[in-house]
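Enquirer: Chain A is fixed; fit chain B onto it per the hints.
There are 2 protein chains.
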Amino acid sequence: MAKDNQFVSQIADIEADFPQWYTDVVLKTQLVDYGPVKGTMVIRPYGYAIWENIQREMDARFKAAGVQNAYFPLLIPMSFMTKEAEHVEGFAPEVAVVTHAGGAKLEEPLVVRPTSETIIGHMYGKWVESWRDLPLRLNQWCNVMRWEKTTRPFLRTSEFLWQEGHSVYATAEEAEAETLRMLALYREFAQNVLCMPVLTGRKTEKEKFAGAEATYGMEAMMQDGKSLQSGTTHYMGQNFAKAFGIRFTGKDGALQYGYTMSYGVSTRLIGALIMTHGDARGLVLPPPVAPVQVVIVPIAAKKEGVLEACDALAAQLKAAGMRVTVDASDNSPGWKFNEWEMKGVPVRIELGPRDIEAGKFVAVRRDGTEKKEYALSSAAETVKTLLDSLSSDLFARAQARMAERTVNAGTLPELLYGVNSGYFIRAGWCGERACEDKVKEFAQATARVIDETNDMPVCVCCGKKAKHTVFFARAY
Amino acid sequence: MAKDNQFVSQIADIEADFPQWYTDVVLKTQLVDYGPVKGTMVIRPYGYAIWENIQREMDARFKAAGVQNAYFPLLIPMSFMTKEAEHVEGFAPEVAVVTHAGGAKLEEPLVVRPTSETIIGHMYGKWVESWRDLPLRLNQWCNVMRWEKTTRPFLRTSEFLWQEGHSVYATAEEAEAETLRMLALYREFAQNVLCMPVLTGRKTEKEKFAGAEATYGMEAMMQDGKSLQSGTTHYMGQNFAKAFGIRFTGKDGALQYGYTMSYGVSTRLIGALIMTHGDARGLVLPPPVAPVQVVIVPIAAKKEGVLEACDALAAQLKAAGMRVTVDASDNSPGWKFNEWEMKGVPVRIELGPRDIEAGKFVAVRRDGTEKKEYALSSAAETVKTLLDSLSSDLFARAQARMAERTVNAGTLPELLYGVNSGYFIRAGWCGERACEDKVKEFAQATARVIDETNDMPVCVCCGKKAKHTVFFARAY
Chain A
1 MAKDNQFVSQ
11 IADIEADFPQ
21 WYTDVVLKTQ
31 LVDYGPVKGT
41 MVIRPYGYAI
51 WENIQREMDA
61 RFKAAGVQNA
71 YFPLLIPMSF
81 MTKEAEHVEG
91 FAPEVAVVTH
101 AGGAKLEEPL
111 VVRPTSETII
121 GHMYGKWVES
131 WRDLPLRLNQ
141 WCNVMRWEKT
151 TRPFLRTSEF
161 LWQEGHSVYA
171 TAEEAEAETL
181 RMLALYREFA
191 QNVLCMPVLT
201 GRKTEKEKFA
211 GAEATYGMEA
221 MMQDGKSLQS
231 GTTHYMGQNF
241 AKAFGIRFTG
251 KDGALQYGYT
261 MSYGVSTRLI
271 GALIMTHGDA
281 RGLVLPPPVA
291 PVQVVIVPIA
301 AKKEGVLEAC
311 DALAAQLKAA
321 GMRVTVDASD
331 NSPGWKFNEW
341 EMKGVPVRIE
351 LGPRDIEAGK
361 FVAVRRDGTE
371 KKEYALSSAA
381 ETVKTLLDSL
391 SSDLFARAQA
401 RMAERTVNAG
411 TLPELLYGVN
421 SGYFIRAGWC
431 GERACEDKVK
441 EFAQATARVI
451 DETNDMPVCV
461 CCGKKAKHTV
471 FFARAY
Chain B
1001 MAKDNQFVSQ
1011 IADIEADFPQ
1021 WYTDVVLKTQ
1031 LVDYGPVKGT
1041 MVIRPYGYAI
1051 WENIQREMDA
1061 RFKAAGVQNA
1071 YFPLLIPMSF
1081 MTKEAEHVEG
1091 FAPEVAVVTH
1101 AGGAKLEEPL
1111 VVRPTSETII
1121 GHMYGKWVES
1131 WRDLPLRLNQ
1141 WCNVMRWEKT
1151 TRPFLRTSEF
1161 LWQEGHSVYA
1171 TAEEAEAETL
1181 RMLALYREFA
1191 QNVLCMPVLT
1201 GRKTEKEKFA
1211 GAEATYGMEA
1221 MMQDGKSLQS
1231 GTTHYMGQNF
1241 AKAFGIRFTG
1251 KDGALQYGYT
1261 MSYGVSTRLI
1271 GALIMTHGDA
1281 RGLVLPPPVA
1291 PVQVVIVPIA
1301 AKKEGVLEAC
1311 DALAAQLKAA
1321 GMRVTVDASD
1331 NSPGWKFNEW
1341 EMKGVPVRIE
1351 LGPRDIEAGK
1361 FVAVRRDGTE
1371 KKEYALSSAA
1381 ETVKTLLDSL
1391 SSDLFARAQA
1401 RMAERTVNAG
1411 TLPELLYGVN
1421 SGYFIRAGWC
1431 GERACEDKVK
1441 EFAQATARVI
1451 DETNDMPVCV
1461 CCGKKAKHTV
1471 FFARAY
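Chains A and B, in that order, are what the protein sequence lines are.
For what it's worth, the working numbering labels the leading residue of the first sequence as 1, then goes sequentially.
For what it's worth, the working numbering labels the leading residue of the second sequence as 1001, then goes sequentially.
A few of these clues could be false.
Said to hold, decoys possible - One-sided excerpt, in silico: chain A residues whose CB lies under 8 Å from chain B:
{"id": "1", "residue": "V97"}
{"id": "2", "residue": "L161"}
{"id": "3", "residue": "E176"}
{"id": "4", "residue": "L180"}
These are calculated hints, taken from the structure and not from any lab test.
Beta carbons: idealized from backbone N, C-alpha and C, even for Gly.
Bound-form chain A, shown alone (with noise of 0.2 Å):
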């Protein structure tokens, strides 16, 4: 499958060493660079104009499901973090401090956001009145700090970009109803936008966020069979509404806490599809969320009219809401067709004098090698044809291997067996965190999310009673 020029050359084997893959292929195709502080990463443009496009997606859908974007402060007085006890628990190891400001020591330290419940738990706390005020409904998207010992761009860097929701209900039911919904939204925006099959569930106790009553996860499998938690919904309960006095007067007149609920997703899912479609020629990019959908390379680009012919088809492709991209520059048509290969543009076009005679221009999508050769008359609707079928088979694709590489398992040697072979296990489990860690220690995978078909009729582990069946993987 790879071929022999300089850009290939350039990737480590995606088949013998996929950690290299990701990493060369990250930062050959200009996507992210390491930053000067450990674990940070710099976004270069390349990267950044997946993660607008990532954004403007989703900001659409929460402006149409009725949230409104608003911004909190970066810095949290350190007394925030220790009023929800589990919260504390959970970030107090990997936060980063700022102890002085303006040239003098602070009288409290100030945390850099790690996620933003306590600040914005504060800010409800004074604006929450009545029952008229509810449900509030707020999004933010900004940076978040969170001190990583190991660190891999987008996967996992002291600073990331993410959005975090935060709202408040009156009731149990619809704060918990808000959390599944978004978590529905998630799943819905990761298929049709990134392409990308996910598995969507409750996470266990051991695995849920830390102060919320339930967590919900979005996990996906990367290419090699692990799986990458691609964005989470909390429900809170009262945990928050009570350590920030989130309380309002009902229409009984009686005075009482909220409900509260939280979710997110983040630059990694810039590392999700990569990994989901990537192959050995470098990046597979999903139509709706590629900078560049479609390249127009010219041949004989020194012939009178090529160039003009290609500034006109992209002129038409463009006005039909394509972003496109005329590569005008002197490298020859071999070095072009590689290097945009390599950054994954799913649409390549060559157009040379003997195609704009016959009227003609010759295509090929990024997932095949096959050209064909289309008539211009019709470009936009060709192209953009060419585009939709390549994001239906790219999810198709990705769904196909998730449901072959996915297994039940009985017992703990056929988990470790299937877990090495990179596939997603399916099994019982009796619901004690004995058990779980037990997984854990025996083949390093641990639950992903609980599955709605409870189906395993005994515990993969201590062979009791099953209570849940669960998706267990290795993960990032």
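Expert: Chain B alone, transformed into the frame defined by chain A:
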């Protein structure tokens, strides 16, 4: 002018106490709230929506100009700050410093970015190799932090949101040209999007950015006659290129330093438009950035068909690209009129059973009190015209005010009398720092920008031959 109602009674008299009027307006209309850490602000949905509109308009201009977005890390090694001597002198006193992270003391303290010249300079030093890599023109939308002693929402807060563009060029001429081009872009934006006239020009040495060769500023006159610096562009020469090793091999094969420039506008623009256009009744939002451009208030809302007609009208206006809200709440029409006036919505529409029957609606522009009737059949066209005429009238009014309130002064007492009366002063200046300092001491006025026209013969301070004509004013 002020009407006697509960809304206006919440707002201080704009004539008698402009600072309190500003504070009342930004808090009461829920643009912003104070954060828990001194000097921080929470940007609430109504305020953030203005910022989103500013971002969208500005970002489109950057992209059209060929600038790409990226994202650089929040935390900057302290050692970077000290590489450019003037830069560290300017910013060191106001940085916030992370000294601990991940439960341990850091080997090197990290500065929360007050601006990103240093960390971007470091990355550019790594990326730029050849003349082919130039120009390199990136922008980022992010948060920055400057620990300020006296703070006011939007105008001066320890954390604020902004964009910062940073470019490298091969020659001084190109970098200087970009510095002026971006200043012109800001000016066009201020005029057409914020309906705000501005003075633009070069800053004096005293007022320039720490580390720049030259700073250019955009200044707007607030209604109290004070100037608000609303955007700046900086030509750095080779200062940062030398500090961070931004070198490239030229076409001639010689290794040479690049020339850098930067430019930024922030959430301060929201403060600027409030203090330019607001009135005794509250906010007056320029149509291009108003989160709600048109509010439709149903009259006799419970009568059959009224709400349906309001929704139909809203749909018609939305289809024409306007941002429209129907206020179907239980409040009285009078209450709604006052609330939406305070919130600065550009056009209010009233629609009741009699209007519907007559095929008409009533509309009133935010800056007027005269209600007029218009035909429902051409509503979209009519309302669009009202919004456009409001935009041009807002600009014209502010421009006339700035023109009326700008006078020449030949002596220090004249200058003092002028600034005391809320005027911008045009005056000659010899070019000496001592005279600039004396003007500040005597009149609490600073040199805002140097005028392009140099027509004042002598220095307002020392009486010697003037080198420049300068706009002096009190400033935020």
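Enquirer: Enumerate the violated hints, using their earlier numbering and listing them in ascending order.
Expert: 3 and 4
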